[in-house]
Amino acid sequence: NAGVTQTPKFQVLKTGQSMTLQCAQDMNHNSMYWYRQDPGMGLRLIYYSASEGTTDKGEVPNGYNVSRLNKREFSLRLESAAPSQTSVYFCASSEPGHHYEQYFGPGTRLTVT
Amino acid sequence: ELKVEQNPLFLSMQEGKNYTIYCNYSTTSDRLYWYRQDPGKSLESLFVLLSNGAVKQEGRLMASLDTKARLSTLHITAAVHDLSATYFCAGNYGQNFVFGPGTRLSVLP
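Heads up: the sequence lines are chains C and Z, in that order.
If you count the first sequence from 1, position 98 lands on 98 in our numbering, and the numbers rise without skipping.
If you count the second sequence from 1, position 12 lands on 12 in our numbering, and the numbers rise without skipping.
If we strip away everything but chain Z, and leave its shape as in the complex, we get (with noise of 0.2 Å):
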């Protein structure tokens, strides 16, 4: 039964600064997504990683994918007050998802 785990459930980090946070899972997964929800809204699409040590880049956010060590990593770079929101990956076996809980993040100026 897949698993997903993320690390820190919350944030709060300066502006400027740099921080990465941590998805793990418990089985193989045919995918990994990210997305982002901002509060009281819906969730909206971030980055989907396809195979081991994919790379995908948008703006201040990158996510990676470990297959091996079935770990993804969405890393902020200089962090900006505009990405406070709470961030979820999820894995998926067939069209079965299953998210983590979610890391908020706040970014104080």
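Isolated chain C (complex conformation) (with noise of 0.2 Å):
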């Protein structure tokens, strides 16, 4: 059981460059979520989805578009990176059976220059 996995853990981006961070899940939640971590701000909810086939916006969507691939799959797309999108990115996925308890892939440490 892998629970959750992220790719890639690092990345180094150019202004404007753009790239999809892959996340899946083996413990077949229904619900995936994106979120990014700065410095001092705790995590910030960017997307979720809620079942295969939807997605909402959280609280941090600009700049960023996301697929649900599948029921495992959730990806997060930066079609124009900027410097502000300096992150760490977490996938998480839950289940409302388990009252939302989420579970955390190992994150992606993303640099724009």
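The hints are simulated quantities; they were obtained by calculation from the structure and are not laboratory data.
Be aware that one or more of the hints could be misleading.
[As the list claims (entries may be wrong)] Derived lysine-lysine pairs resembling DSS-like cross-links, with alpha carbons at most 25 Å apart:
1) C:Lys71 to C:Lys14
2) C:Lys9 to Z:Lys41
3) C:Lys9 to C:Lys71
4) Z:Lys3 to Z:Lys68
5) Z:Lys3 to C:Lys57
6) C:Lys71 to C:Lys57
Taking the hints as your guide, dock the two standalone chains into a single complex.
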């Protein structure tokens, strides 16, 4: 049981480049989430997906797009990266029957220069 | 709009001492969560508090919830070095989760 996996672990982009962060979970959870973590600010929700085929905006969605490819996979895309998007990105999954207790992936450290 | 605050933000404590971390939230939250994060690592779930008066304990950590005061506490008993980490509380409305800024705890010998 791998839990929640994320790729890549580290990435450096130049301003204006695009990239997709991948997330997969093997716990058969319905809900998946993308967060960013910046120093001193805790985690902020970017987008979430309550079930396959649905996505909703969180607190800080601007500059990002998401795709819930299937029940296992939820990707986050930066179309035109900006230095303000330098952060650590965490994916998480949860299940309503377990009170939405979230299980987090290992994170992707992204630097935009 | 749900906002979550924690205090203190930084805490140094001696091994063997007790201390409490406070988590205040601004409006009704469906549930209250506590997570732990070690430096450079991911987050690990500690507790999920479902209703007013809920108390949960695991080892030296005990979490409680007072929904009337919109307050949750994480109490540390007889701290040990292994508890050094950053602790986050989080609230939610539906599947919108709001995290506090975290409390960085250092337990000194």
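Cross-check of the supplied hints:
{"no.": "1", "hint": "C:Lys71 to C:Lys14", "verdict": "violated (32 Å)"}
{"no.": "2", "hint": "C:Lys9 to Z:Lys41", "verdict": "holds (12 Å)"}
{"no.": "3", "hint": "C:Lys9 to C:Lys71", "verdict": "holds (22 Å)"}
{"no.": "4", "hint": "Z:Lys3 to Z:Lys68", "verdict": "holds (16 Å)"}
{"no.": "5", "hint": "Z:Lys3 to C:Lys57", "verdict": "holds (17 Å)"}
{"no.": "6", "hint": "C:Lys71 to C:Lys57", "verdict": "holds (18 Å)"}
Checked against the numbered hints given earlier, the structure breaks only hint 1 and satisfies all the rest.
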